[in-house]
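Using the sequences and the hints, build the whole thing.
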Amino acid sequence: MMLTAGTVPIKDMPLILGRVAREGDFLVVDAKRIPCTQGTGAMISAALSTTSYLGLDAPRALLVGDIGEGKGSRELYQYLIDHIAELSPTVLALHYWLPDMSQTRQLCTTIEKCERRPIMIADAASMYSAKAAGLAEAFDIFTPDATEIAFLADPEATHPAYIARHLFETDISRAPELAQAAYKNHGAAKLLLVKGATDFIIREGKVLATITEPDVPALEPIGGTGDTITGLVSALTFAELELHEAAIIAARANRMAGKYAEVTPATKVRQVIAQFPAVFKDYLCQWSNVCYVKGGN
Amino acid sequence: MAVLKRQQKMKLEGGGLVLFQEVSHAMAAEKLLKAAGYIVRLVAPPPELRKGCDLAVEINLVEQPGIERLLKERDMDYVSIDPIKIKTAPLLDVVKVTDFGKWVMVKAGNMKITYEKNSGVIVNVSGGGCPDIPYLHAELVDKRLDEAPRPKDLGFTLCALNLDRAFDECLTLFSGGNPK
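Residue numbers (our numbering), protein chains in the order written: chain A, 1 to 297; chain B, 1001 to 1180.
FYI, nobody ran anything at the bench for these hints, they're computed from the structure. C-beta atoms are modelled at their ideal positions from N, C-alpha and C, and glycine is treated no differently. Hints may contain errors.
[Said to hold, decoys possible] Using 30 angstroms as the maximum straight-line C-alpha spacing, the simulated DSSO-like pairs for lysine-lysine come out as follows:
1) B:Lys1011 x A:Lys113
2) B:Lys1102 x A:Lys259
3) A:Lys32 x A:Lys11
4) B:Lys1096 x A:Lys71
5) B:Lys1072 x A:Lys11
6) A:Lys11 x B:Lys1031
7) B:Lys1143 x A:Lys71
8) B:Lys1117 x B:Lys1096
9) B:Lys1011 x B:Lys1034
10) A:Lys259 x B:Lys1143
11) B:Lys1011 x A:Lys11
12) B:Lys1102 x B:Lys1085
13) A:Lys190 x B:Lys1034
14) B:Lys1152 x A:Lys71
15) A:Lys11 x B:Lys1034
16) A:Lys259 x B:Lys1117
17) B:Lys1011 x B:Lys1096
18) A:Lys71 x B:Lys1011
[As the list claims (entries may be wrong)] Label-pair restraints from in silico Cβ distances:
19) A:Ser88 x B:Arg1041: 30 to 36 angstroms
20) A:His186 x B:Arg1074: 36 to 42 angstroms
21) A:Leu17 x B:Ser1175: 43 to 49 angstroms
22) B:Asp1093 x A:Asp12: 33 to 39 angstroms
23) B:Glu1048 x A:Tyr79: 35 to 41 angstroms
[As the list claims (entries may be wrong)] So these bits of chain A aren't anywhere near chain B, every CB distance computed over 10 angstroms:
24) Gly18
25) Lys32
26) Glu69
27) Ile84
28) Thr90
29) Glu115
30) Ala124
31) Ile172
32) Gln180
33) His186
34) Lys281
35) Cys285
Structure representation (structure tokens):
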């Protein structure tokens, strides 16, 4: 089972857990409609698009309403701490929440004691708190962008707002150098998918792959196009691809979906997500040798 | 049979300190913040950070903007809010502007706002990872810069604070000013 967890921007929405389905422009979880917009909604939507194409079980989602006050975030992490052993997912993708180092520590400690440890993927503030708590190495994949890799490289920073200026004022081409610093400082997961004008797949400080094509600069301003990469890599990992293969295909698919959608800076992320089935149909076999799935070519 | 489970006391590894001139101010602020639902505690600040009294309130640094707003709304005197780690860099104030022709993207820290040059309509908000960002995305997108709410007035986290810096720069650019 693939479990995704994060907050959604619906004030006071109680904690819900359920299989994800799609209803028009919305996701439906436990009979609640979740907007498919920037954040956890975009991440889950991309994951669902992938599992649907591959004929896999839809992701389960643990969601709570939180507009920044933190109450929902604390409930969500406490639920995970209390129930992760019985949920026993094979892939756990953690996303938006109000970062709390103590709860992250409790969750990682609990997972270490689980009979079966899930593949752990973190993005957004779940990645921030994992790094800030010194627990980055407990995770299998982080998906930082250019600013966030600088944050991971800064040994003192507990949030990207407080990274050292000399680290921030670098461009994506220095990602390998920053990744090496992050690994040295124990601030990186086992595998990094660094999202930017060039996407870097880095393991233990070594660059395994770079992806530059297709070049679609207008993807950067679109809120949620980093979240979709996290959803893609999570679902492809759930499909039992090797982690680095999943990361490479996720980066390629996201770019290609942007190209198919003919994005501008004003495009909405749901328009990009809508292109994933067509991208998979045209390229997944070529990229992964996963060629005989329902709907595949 | 109903089983009563004692709620676990929330631990705090906050990373931030609110510093005060007076002990009484620190105690009053702690009471106010706890009543508002924040997880905080009274602590002694390290000597390097002492700017007044020997009592500070430890907070989750990510919640700095929401806490600052509440303290100001209630006229609570405080000196500053600082990261506990002494070597931590000051709050990042670097802003980058990218021209996309019809649109311009402004990036402050980990946050980006993109607006249409002619109309000033915000077309996208991206970056960040805190829970107020998807909320702010919903509140800001498709609104004109001069009609949209300020991220710092609605947000609670450092991501929102960075978004507000980007917003401020967007306002300057849209009104014909030069980038800072």
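Status of the hints after comparison with the structure:
no.	hint	result
1	B:Lys1011 x A:Lys113	21 angstroms, holds
2	B:Lys1102 x A:Lys259	19 angstroms, holds
3	A:Lys32 x A:Lys11	13 angstroms, holds
4	B:Lys1096 x A:Lys71	33 angstroms, violated
5	B:Lys1072 x A:Lys11	24 angstroms, holds
6	A:Lys11 x B:Lys1031	25 angstroms, holds
7	B:Lys1143 x A:Lys71	28 angstroms, holds
8	B:Lys1117 x B:Lys1096	16 angstroms, holds
9	B:Lys1011 x B:Lys1034	13 angstroms, holds
10	A:Lys259 x B:Lys1143	26 angstroms, holds
11	B:Lys1011 x A:Lys11	24 angstroms, holds
12	B:Lys1102 x B:Lys1085	43 angstroms, violated
13	A:Lys190 x B:Lys1034	38 angstroms, violated
14	B:Lys1152 x A:Lys71	19 angstroms, holds
15	A:Lys11 x B:Lys1034	20 angstroms, holds
16	A:Lys259 x B:Lys1117	23 angstroms, holds
17	B:Lys1011 x B:Lys1096	37 angstroms, violated
18	A:Lys71 x B:Lys1011	14 angstroms, holds
19	A:Ser88 x B:Arg1041: 30 to 36 angstroms	35 angstroms, holds
20	A:His186 x B:Arg1074: 36 to 42 angstroms	40 angstroms, holds
21	A:Leu17 x B:Ser1175: 43 to 49 angstroms	47 angstroms, holds
22	B:Asp1093 x A:Asp12: 33 to 39 angstroms	34 angstroms, holds
23	B:Glu1048 x A:Tyr79: 35 to 41 angstroms	39 angstroms, holds
24	Gly18	20 angstroms, holds
25	Lys32	15 angstroms, holds
26	Glu69	6 angstroms, violated
27	Ile84	16 angstroms, holds
28	Thr90	24 angstroms, holds
29	Glu115	23 angstroms, holds
30	Ala124	3 angstroms, violated
31	Ile172	12 angstroms, holds
32	Gln180	20 angstroms, holds
33	His186	15 angstroms, holds
34	Lys281	27 angstroms, holds
35	Cys285	31 angstroms, holds
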